[in-house]
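Quick note, the sequences are listed as chains A and B, same order. Mapping the first sequence onto the working numbering, position 33 (from 1) lands on 33, and the numbers just tick up by one. Start counting at 1 in the second sequence, then tack on 1000, and there's your number in the working numbering.
A hint or two may mislead.
[Claimed, not checked] Where chain B lies over chain A, by a calculated footprint (3+ residues, C-beta under 8 Å):
(1) 29–41
(2) 49–60
[Unchecked claim] Listed next, the in silico SDA-like pairs over lysine to any residue satisfying Cα-Cα at most 20 Å (straight line):
(3) A:K22 with B:Q1018
(4) B:K1050 with A:L27
(5) B:K1062 with A:Y64
(6) B:K1050 with B:K1062
(7) A:K54 with B:E1041
(8) B:K1053 with A:S30
(9) B:K1021 with B:K1053
(10) B:K1050 with A:G59
(11) A:K60 with B:N1079
(12) B:K1053 with A:Y64
(13) B:K1062 with B:F1093
(14) A:K22 with B:N1055
(15) B:K1084 with A:D66
(16) A:K22 with B:N1079
(17) B:K1053 with B:D1043
(18) A:K10 with A:R51
(19) B:K1050 with A:Y64
(20) B:K1062 with A:R55
(21) B:K1012 with B:N1079
The hints are simulated quantities; they were obtained by calculation from the structure and are not laboratory data. Positions of the beta carbon are idealized from the N, C-alpha and C atoms, including for glycine.
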Amino acid sequence: MMSDTYQYRKVKRVEYILQSGKIIMNLDGSKNDYISQADSIEFKEDSPDFRIIKRLRMGKEFVYLDFNEPITCNIKSGQYENVLLCDVGVEGKNPLLYVEKLPSLKDVFK
Amino acid sequence: MDGKEQIEGEMKVEFNSQSGKICMQVSDTNAPYQSNIDEMEIDPLIVDIKSLKINRNGSEVKFISPLLVSTDGEFIDTNMLGFKVNGETPNKFFDDVDSFHAHNFSKEWFSLVEKQRKRIEDRRKRISNI
Chain A
1 MMSDTYQYRK VKRVEYILQS GKIIMNLDGS KNDYISQADS IEFKEDSPDF RIIKRLRMGK
61 EFVYLDFNEP ITCNIKSGQY ENVLLCDVGV EGKNPLLYVE KLPSLKDVFK
Chain B
1001 MDGKEQIEGE MKVEFNSQSG KICMQVSDTN APYQSNIDEM EIDPLIVDIK SLKINRNGSE
1061 VKFISPLLVS TDGEFIDTNM LGFKVNGETP NKFFDDVDSF HAHNFSKEWF SLVEKQRKRI
1121 EDRRKRISNI
């Protein structure tokens, strides 16, 4: 069985294309974006803290999320893994940003 | 303040990107009014986001924005802080929503508008008598 791969990244901005599920995560200190596919992005309901967001822009086809400070994402990837889990620490609290990947699509690391 | 009276309050807002429908409500006792927009932008440092859901079927956000209404007795300017529609502050957006003009903000609101209107009418009468 293939072991999971963990990549800790600082994410500055998330762009999400609704229809295709394409997600583009702009990484701090890197010219390359992290590009993947996701079914949904959601903040865990019991611990939302939206102060981490600097700007939220929403249209019929897209969502842009800019963060005040780059959020630390523990990006798990593996052959059997289908979830991106971003742990976000804000003032002692620990809201979670879940990015659920499409199970049928392979993750792409740049 | 250019002789304008101002009222500050809060506006509860729900926006569904799939339908483009935006629903706004000044208070629990008032009926919400609706409109359609293509795009919205909010500043979470100013507005209070209550919930945010994003998936491939669309995105939905609920938030409360500070509402600023001013009047000179004839014209009503409405603005929501930290909120933009199609890249612009939504003054024109409010002008285009007919139901908003008939919106019942509060008793204080109508009292204030009526007071202003009488003051302007009295001033005009005094000027015309000179």
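Consistency of the hints with the structure:
1. For a cut-off of 8 Å, the count of residues in the segment 29–41 of chain A with a CB near a CB of chain B stands at 3, and the three-residue condition holds.
2. Counting residues of the segment 49–60 of chain A whose beta-carbon sits less than 8 Å from any beta-carbon of chain B gives 10, enough to reach three: the coverage restraint holds.
3. Of the supplied pair hints, the one linking A:K22 and B:Q1018 holds, its CA atoms being roughly 17 Å apart against a limit of 20 Å.
4. Proposed proximity of B:K1050 and A:L27 is contradicted: the alpha carbons are some 27 Å apart, above 20 Å.
5. The hinted pair formed by B:K1062 and A:Y64 meets the criterion: a straight-line CA distance of about 16 Å does not exceed 20 Å.
6. A distance of roughly 5 Å separates the Cα atoms of B:K1050 and B:K1062; the hinted pair therefore holds under the 20 Å criterion.
7. For the suggested pair A:K54 and B:E1041, the alpha carbons sit about 11 Å apart, so the restraint of at most 20 Å is met.
8. For the suggested pair B:K1053 and A:S30, the alpha carbons sit about 28 Å apart, so the restraint of at most 20 Å is broken.
9. The suggested pairing of B:K1021 with B:K1053 holds, with an alpha-carbon distance near 15 Å, which does not exceed 20 Å.
10. Of the supplied pair hints, the one linking B:K1050 and A:G59 holds, its CA atoms being roughly 19 Å apart against a limit of 20 Å.
11. This hinted pair does not check out: A:K60 and B:N1079 have alpha carbons roughly 23 Å apart, beyond 20 Å.
12. Restraint check: the Cα-Cα separation between B:K1053 and A:Y64 comes to about 13 Å, which is no more than 20 Å; the hinted pair holds.
13. Among the hinted pairs, B:K1062 with B:F1093 is consistent with the structure: their alpha-carbon atoms are about 19 Å apart, no more than 20 Å.
14. Straight-line distance between C-alpha atoms of A:K22 and B:N1055 comes to about 11 Å, which keeps the hinted pair within the 20 Å bound.
15. A C-alpha spacing of about 16 Å is found between B:K1084 and A:D66, which places the hinted pair at or below 20 Å, so the restraint holds.
16. Taking the CA atoms of A:K22 and B:N1079, the gap is near 34 Å; set against the 20 Å cutoff, the hint is violated.
17. The suggested pairing of B:K1053 with B:D1043 holds, with an alpha-carbon distance near 17 Å, which does not exceed 20 Å.
18. About 17 Å separates the Cα atoms of A:K10 and A:R51, which keeps this hinted pair within 20 Å; it holds.
19. A distance of roughly 18 Å separates the Cα atoms of B:K1050 and A:Y64; the hinted pair therefore holds under the 20 Å criterion.
20. Between B:K1062 and A:R55 the alpha-carbon distance is near 15 Å, which keeps this suggested pair within the 20 Å criterion.
21. Proposed proximity of B:K1012 and B:N1079 is supported: the alpha carbons are some 13 Å apart, at most 20 Å.
Checked against the numbered hints above, the structure violates hints 4, 8, 11 and 16; every other hint is satisfied.
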